[in-house]
Amino acid sequence: GAGVSQSPSNKVTEKGKDVELRCDPISGHTALYWYRQSLGQGLEFLIYFQGNSAPDKSGLPSDRFSAERTGGSVSTLTIQRTQQEDSAVYLCASSLGTVGNEQFFGPGTRLTVL
Amino acid sequence: QKEVEQNSGPLSVPEGAIASLNCTYSDRGSQSFFWYRQYSGKSPELIMFIYSNGDKEDGRFTAQLNKASQYVSLLIRDSQPSDSATYLCAVSNAGGTSYGKLTFGQGTILTVHP
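Protein sequence lines, in the order shown, are assigned to chains W and G. Per my numbering, the very first residue in the first sequence carries number 1; after that it's consecutive. Per my numbering, the very first residue in the second sequence carries number 1; after that it's consecutive.
These are calculated hints, taken from the structure and not from any lab test.
30 Å max Cα-Cα, derived DSSO-like pairs, lysine-lysine: (1) G/K42 / W/K17; (2) G/K67 / G/K56; (3) G/K67 / W/K57; (4) W/K15 / W/K57; (5) W/K57 / G/K42; (6) W/K15 / G/K42.
Construct the entire structure; sequences and hints are all you get.
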């Protein structure tokens, strides 16, 4: 079946602009995660959603970052007033959870803030 | 001390040899352990997961877990040039049917030379 999809694949923006990144999880997966990967920082957790529970926002680096998940499926990560240090690859993952916490990643969105 | 530590490498092995990748973690509450492979410019791909102490084999890959020593490893037998990639160790304190974030190590770069 289809894997996790993300859009856009690349986004170039100017400092101070807002951006929205989209994630479509694997059909039937109830948990959705956002991570980012930047040079020298490795892969870091941002936020995750599971069913109707309150999201775990503990990894969001500042209040400029927010995310929502509508209808238990598609998620949007929004970064307001982007800064150059926000440049990274933003990765979305989803998991089913019935046999463990295996997470499957999408192709990512490469964000460049000029 | 980082939560999940890996040797950054690069680890270079000849084709056909066994590659041994190691990972230590600091949180004794960790329950789930994952190995991801990441090719340059691509997103992480799940190759192995392990929850119980001991060995778990899947084809040419063997994951080993020792919770007392807080140590998890990945062995790749009969290494091929196509195994050349960055290998990411990830840890979660979620297990069974629960959900939770993954904490990643910095990754080990593996090069398999013909």
